[in-house]
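Just so we're on the same page, our numbering is the position in the sequence shown counted from 1, plus 3.
No lab work stands behind these hints, which were simulated from the structure alone. One or more hints might be untrue.
Unchecked claim - Taking lysine to any residue and the SDA-like style, the derived pairs with C-alpha atoms no more than 20 Å apart in a straight line are:
(1) Lys108 <-> Val13
(2) Lys36 <-> Asp54
(3) Lys36 <-> Gln68
(4) Lys36 <-> Ile158
(5) Lys108 <-> Ala97
(6) Lys36 <-> Leu165
(7) Lys36 <-> Tyr64
(8) Lys36 <-> Trp152
(9) Lys36 <-> Gly47
(10) Lys36 <-> Arg26
(11) Lys36 <-> Thr14
(12) Lys36 <-> Asp18
(13) Lys36 <-> Val156
(14) Lys36 <-> Ala163
Note that the structure is a prediction, hence the values are computed from the model and not measured.
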Amino acid sequence: MSDSIHWFVVTCPSDEQAHVLGRSLLDWMIERKIVAAQLCPRSGLYLPGDDAQGFDHGIDYCGVQLVQERTVFHAGDCGLEGLACPSCRQVSAADEIVWDEAVDKWFAGQDDATLNCPVCLQAGRLHDWQFLPMPWAFGNLGVGFCNWWPDEVMIQSLLAELGPDTRQVRQHM
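Taking the hints into account, I'd like the entire structure generated from these sequences.
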């Protein structure tokens, strides 16, 4: 069986801020009974709470994962076919751009790592490029709904709580 995770990703200025915002969001979800207050020791996830919707009771690995460290949130098995330039919007094949070096730089702490577009020759921040066919995100706070499909009301509530710079990634493993 495969798993899917719907990530909500935020890049915080510091790991400390990621922990503060992560704790605040977790408290918000517990207060609204979206998740239970304790981690499940077997899965390491916060299990769905009494008012949770959009999950299957029959799936064992189901709940919310909280990641509070620098992470590349990617599409998983969906792979990487191309990247769209934030300046000209042209799509280049993944092997036409040296994207892995920029990811390494970002992962090492260089938040403003850039990629150069082979079409318009403009440099754009890694965060601003669109990874295809499924979006990627780079952040130090990720809230992942594992095998749980939040409805549009929940998605909009989470986006409002996390702020305008939140990116969504759907990962399939």
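We went through each hint and held it up to the structure:
no., hint, in the structure
1, Lys108 <-> Val13, "18 Å, holds"
2, Lys36 <-> Asp54, "5 Å, holds"
3, Lys36 <-> Gln68, "16 Å, holds"
4, Lys36 <-> Ile158, "15 Å, holds"
5, Lys108 <-> Ala97, "17 Å, holds"
6, Lys36 <-> Leu165, "18 Å, holds"
7, Lys36 <-> Tyr64, "19 Å, holds"
8, Lys36 <-> Trp152, "16 Å, holds"
9, Lys36 <-> Gly47, "18 Å, holds"
10, Lys36 <-> Arg26, "15 Å, holds"
11, Lys36 <-> Thr14, "26 Å, violated"
12, Lys36 <-> Asp18, "26 Å, violated"
13, Lys36 <-> Val156, "15 Å, holds"
14, Lys36 <-> Ala163, "18 Å, holds"
Taken one by one, the earlier hints fail for this structure at numbers 11 and 12, listed in ascending order.
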